[in-house]
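> So the chains spell out like this:
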Amino acid sequence: MQALYAQLLVGLINGSFYALLSLGLAVIFGMLNIINFAHGALYMMGAFCAYFLLNLAGIGYWPALIIAPIVVGIFGMILERTMLQWLSGLDHLYGLLLTFGIALIVQGVFQNYFGSSGLPYAIPDELKGGMNLGFMFLPIYRGWVVVFSLIVCLATWYLIEKTRLGANLRAATENPTLVRAFGINVPRMITLTYGLGVGLAALAGVLSAPINQVRPLMGADLIIVVFAVVVIGGMGSIMGSIITGFSLGVIEGLTKYFYPEASNTVVFVLMVLVLLVKPTGLTGRAA
Amino acid sequence: MSALTDDTLPASPRAVRDEMIVFVLMAALLAIVPLTGIYPFFVMQALCFALLACAFNLLIGYGGLLSFGHAMFLGTAGYFTAHALKVWGLSPELGILVGTLGAAGLGVITGVVAIRRQGIYFSMITLALSQLLYFIYLQTPFTHGEDGIQGIPQGYLFGIFNLAKPTVLYYVILVGFLGGFLLIYRTINSPFGEVLKAIRENEPRAISLGYKTDHYKLLAFILSGTIAGFAGSLKVFVAQNASLTDVHWTMSGEIVLMTLVGGLGTVFGPVVGAFVIIAMQQYLAGFGQWVTVIQGVIFVACVLTFRRGVIGEIAHFFRRSL
Numbered sequence: 000m001q002a003l004y005a006q007l008l009v010g011l012i013n014g015s016f017y018a019l020l021s022l023g024l025a026v027i028f029g030m031l032n033i034i035n036f037a038h039g040a041l042y043m044m045g046a047f048c049a050y051f052l053l054n055l056a057g058i059g060y061w062p063a064l065i066i067a068p069i070v071v072g073i074f075g076m077i078l079e080r081t082m083l084q085w086l087s088g089l090d091h092l093y094g095l096l097l098t099f100g101i102a103l104i105v106q107g108v109f110q111n112y113f114g115s116s117g118l119p120y121a122i123p124d125e126l127k128g129g130m131n132l133g134f135m136f137l138p139i140y141r142g143w144v145v146v147f148s149l150i151v152c153l154a155t156w157y158l159i160e161k162t163r164l165g166a167n168l169r170a171a172t173e174n175p176t177l178v179r180a181f182g183i184n185v186p187r188m189i190t191l192t193y194g195l196g197v198g199l200a201a202l203a204g205v206l207s208a209p210i211n212q213v214r215p216l217m218g219a220d221l222i223i224v225v226f227a228v229v230v231i232g233g234m235g236s237i238m239g240s241i242i243t244g245f246s247l248g249v250i251e252g253l254t255k256y257f258y259p260e261a262s263n264t265v266v267f268v269l270m271v272l273v274l275l276v277k278p279t280g281l282t283g284r285a286a
Numbered sequence: 000m001s002a003l004t005d006d007t008l009p010a011s012p013r014a015v016r017d018e019m020i021v022f023v024l025m026a027a028l029l030a031i032v033p034l035t036g037i038y039p040f041f042v043m044q045a046l047c048f049a050l051l052a053c054a055f056n057l058l059i060g061y062g063g064l065l066s067f068g069h070a071m072f073l074g075t076a077g078y079f080t081a082h083a084l085k086v087w088g089l090s091p092e093l094g095i096l097v098g099t100l101g102a103a104g105l106g107v108i109t110g111v112v113a114i115r116r117q118g119i120y121f122s123m124i125t126l127a128l129s130q131l132l133y134f135i136y137l138q139t140p141f142t143h144g145e146d147g148i149q150g151i152p153q154g155y156l157f158g159i160f161n162l163a164k165p166t167v168l169y170y171v172i173l174v175g176f177l178g179g180f181l182l183i184y185r186t187i188n189s190p191f192g193e194v195l196k197a198i199r200e201n202e203p204r205a206i207s208l209g210y211k212t213d214h215y216k217l218l219a220f221i222l223s224g225t226i227a228g229f230a231g232s233l234k235v236f237v238a239q240n241a242s243l244t245d246v247h248w249t250m251s252g253e254i255v256l257m258t259l260v261g262g263l264g265t266v267f268g269p270v271v272g273a274f275v276i277i278a279m280q281q282y283l284a285g286f287g288q289w290v291t292v293i294q295g296v297i298f299v300a301c302v303l304t305f306r307r308g309v310i311g312e313i314a315h316f317f318r319r320s321l
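Which chain is which? The protein sequence lines are A and B, in order. According to numbering that gives the first Met the number 0, the first sequence holds residues 0 to 286 in order. According to numbering that gives the first Met the number 0, the second sequence holds residues 0 to 321 in order.
Bound-form chain B, shown alone (with noise of 0.2 angstroms):
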């Protein structure tokens, strides 16, 4: 049926071989950041984005679900974590539980609800339940509006790390990188990994195969939104604060876009994808609404004629799966 993926190999011992070199590359790469000097502000936030971009991708790439309220969990998991460290004060790791947490809870309670519809009804009904969670989130005093949750104390990880210093802050955004990275990579290459990407083949036949499919799209969907609320949670010791921004449909149509660009179903594409739209956020920061303007214009030219995304194409030319 879905034709997103078209030529995705299977998982062959060459393609776990390359995917790791590529891992290695990527994490050998993201470690020497700091001694670099390039803004570690901006590595940082795009690797919160990267993450979360996997996540969603989790969906598209291996269930065919296309979210477009992942924003949700990103928001949820920010203002829970912001709250847990301001108001309770509570300790970075205990903080990063609790957003991760939040994010899972609302995974399930929205996940029953949205997997009832397949396609592009699962679009709607995503990005429906996320514009509630804005109007509640908009009206609920603890999260204080229009202003968010501010100036938001990064305190010490595990008593030890001190989280306001930039370099330390990196490497332990850099390893809840590469953690849930590697969850995802592990999911995905699972016996439940097969199933996904068999339901979102011909969801019939696997319910004829005796597979009770409903099961492993909620399962999907809550993993997927767990992993974006912990990459929201980092993304509060980053920015210092849980805003609106962060629940919008504009966020979750960014994400969508990242994932879009570095190509949907590919394991690093997500990555490549949120480093290109946040750079180009930065350099683009002068120029107003002009970027929305332009992110459309990726919107339709990626759709058009670039729809493997940048590590599909790169993929599909060496024939190899990335």
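So here's chain A without its partners, still in its complex pose (with noise of 0.2 angstroms):
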């Protein structure tokens, strides 16, 4: 049962890492009609940048946790300024070819100088060790990774559909050109959409760096099951994002304990069900 328990805690781990990139996925998708094809690459770069701070810097992990994410949003609103908006009113797969080409440049750039190997990312004093929960041992780092992402991603479903904020991004989403008649900047809207889905991205890396190590290539794989998993929930609504992500995190968990072999293919198995059974998506409306 150790073993059982263990794997479900790994698998609620990736859950918490497919919840918040498609999250993002589901917000840029929402406001700019482009799939980012970068998020993995830009993953890989809040792990790099927390590990840039702690080397060269000596910023530890609480402050990375803050910096990372707004480094990486930045650079990721610069990305959005200077290429992705020259894109509005074309087709949405030249959104997807050119976030492609980001990711191609940003990862090889990285694996020239970091070649494909991990690197380590110790683990903050505060959360080592852990704690005898009588049924199993729970590593602290792991515990905190999961529920921090949850709080996270609860936070963000708040700010779309709770707030007036929100409600102005959701309203863009829908009908931009109503929207600006109203004397809100869409514009800057949209850049602040793509910085923040891309800091979640980034959020996600810093929290993956202790566990999974830093490697150039660590998200060029994870976005590949990211958009099973975004397939297989839809990009309608936001809730269904993180419930998507985090259960079939716990579904590939269940499968590495119950037959091991299938647990990399299990994701997109499921995917080739759900398109067969219910082709929008279990949230999505039809596209």
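Take the hints with a grain of salt, since some may be wrong.
[As the list claims (entries may be wrong)] Only part of the chain B face toward chain A is listed, based on derived beta-carbon distances under 7 angstroms:
| id | residue |
| --- | --- |
| 1 | L65 |
| 2 | G118 |
| 3 | S122 |
| 4 | M123 |
| 5 | L126 |
| 6 | L131 |
| 7 | L181 |
| 8 | R185 |
| 9 | V292 |
| 10 | G295 |
[As the list claims (entries may be wrong)] Just so you have them, the derived chain B footprint on chain A, three or more residues with Cβ under 8 angstroms:
| id | stretch |
| --- | --- |
| 11 | 78-86 |
| 12 | 97-110 |
| 13 | 220-229 |
| 14 | 250-264 |
| 15 | 268-276 |
[Stated by the list, open to error] Label-pair ranges, simulated between beta-carbon atoms:
| id | chain 1 | residue 1 | chain 2 | residue 2 | range |
| --- | --- | --- | --- | --- | --- |
| 16 | B | L208 | A | L164 | 43 to 51 angstroms |
| 17 | A | I69 | B | V296 | 23 to 31 angstroms |
| 18 | B | N201 | A | G59 | 53 to 61 angstroms |
| 19 | A | L158 | B | L208 | 42 to 50 angstroms |
| 20 | B | R204 | A | P62 | 55 to 63 angstroms |
Derived by calculation from the structure, the hints in this document are not laboratory data. Cβ atoms here follow ideal geometry from the backbone N, Cα and C, with glycine treated the same way.
Using the hints, put the two chains back together into the complex; each one sits in its own frame.
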């Protein structure tokens, strides 16, 4: 049973990353109509940012948790201002191609300097060690990642669904022209939205640094799984993305315990099943 | 809806004449390659990728479907052909048949799933499906995992042509490429191709005119996958191996890049794009990962400033359809 709970925990952690990344993808897609292929590369940049802060400036985990998403978010906003904004009005596919190119550039540059192997990033002192819960041993850092991701996801949901800012955002998603007529600066809002989505990816990167090490290709394979998660969940609802992300992580964890050979394919197989039964995705409306 | 090919002209007699002239020129140029002393291996490899990119272009350029998983057809056909030649000891023509049929079967299975969504979702689904296949091939014994299938015998095609001779192999590959190219060209200019273009431009309208658009899209997907698989089978004789690289998502990205550089939705664009990208990889092989960075830069530059691609720009300049 110990092994089962351990795999469930790993599943929950992966689920946190799926949720944070698919949430960002959904928010970006809503405003920019772009599927951000660079999301995995920006997740990787978040982890590297934390690594640089620690090793070059001696800035530890806690400040990095705030600084890295802001730095990568600003990088994202520069990308949006200089490149992505020129694609509005074109076919969605060009956004995918452009961000794929950006991902290749970012990953290639990092691979040149850091190879493909992992760089260690230590768990902060406050979160070291573990707790014995009676039925299992819980490493504190892993528990922290799950709880903190959940809080960030719910906060994002609250921001978009319950605040005035979020209402403006959702209105601009539906009809940007009309919202501009009310005197709201929609292009600036689009830039900030992209920054927010990218910041969430970078935050996931910082969270994963102590668990998965810091590797240039850490986001490349992850983003494909997250795409499958997005297809399964649909991008229509924020809460849908969060729930789908966490559940698929758990299902993957269970598969690792019961049938390890299928653990890296189970999400894709589920995607196929969902497409056959309900092509619009579990929470999505017709595209 | 789709702005992918903003100035495709309808097939006029003049366009067809232009295209046939260019086709004959291309065939003649390729036919004299062995006499020029150009390294035939390079051209053979480029021809396989050119056919692959043309097959990909059939979907994106004429059906508006961007497949981000076309490497799965390349890799599947490669593995099947390699296995048939090496383990079963089949003759080359049967090996190619096994590989191509394998890709066709894969096209049926993945097509049924992928065409359930349009646009951006279609791309994500094809990418996820090819990643699923990548993991399957990583684990099944017959692919030999990371090592791949190596040292594949080339044999005698139809019992006559010795494929171990570079010149003979070159002409066999060339005939295969031209045959595949003409098949795609014929498809584009058939009533079937016209319906595909109609679906690309306005699917609800095509449905309202009574076309079962899902059938057309599925058929186009299977055809594209089959031809891509045929290219993958041919490539086995050139490279003499079949490995995981051919199934990886980076390969799917390269196929997209070739077509984008040459010109989405142009007849000859994918061929030019394939030669450009393969040549670039050859000459920049010593730069390691910078090749990836350069490919990324080309992607970004093409999307931002050069969306018509090489052939698309030329065609636009001369107001012709190529």
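> Each of the hints needs a verdict: does it hold here or not?
Right, here's what the structure says about each hint:
1. L65: Since chain A brings a Cβ to about 5 angstroms from L65 of chain B, closer than 7 angstroms, the hint holds.
2. G118: At about 6 angstroms, which falls below the 7 angstroms cut-off, the nearest Cβ of chain A leaves the hint on G118 of chain B intact, so it holds.
3. S122: holds, 6 angstroms
4. M123: holds, 4 angstroms
5. L126: Since chain A brings a Cβ to about 6 angstroms from L126 of chain B, closer than 7 angstroms, the hint holds.
6. L131: Result: holds, 4 angstroms to nearest chain A Cβ.
7. L181: violated, 27 angstroms
8. R185: violated, 26 angstroms
9. V292: holds, 4 angstroms
10. G295: Status holds, d = 3 angstroms.
11. 78-86: holds (count 3)
12. 97-110: holds (count 12)
13. 220-229: holds (count 6)
14. 250-264: Satisfied; 3 residues make the cut.
15. 268-276: holds (count 5)
16. B:L208 <-> A:L164: 43 to 51 angstroms: This hint holds: roughly 45 angstroms between Cβ atoms.
17. A:I69 <-> B:V296: 23 to 31 angstroms: Distance hint for I69 of chain A, V296 of chain B holds at roughly 27 angstroms.
18. B:N201 <-> A:G59: 53 to 61 angstroms: holds, 56 angstroms
19. A:L158 <-> B:L208: 42 to 50 angstroms: holds, 45 angstroms
20. B:R204 <-> A:P62: 55 to 63 angstroms: For R204 of chain B and P62 of chain A the Cβ distance comes to about 56 angstroms; the hint holds.
In this structure, the earlier hints numbered 7 and 8 are contradicted, and the remaining ones agree with it.
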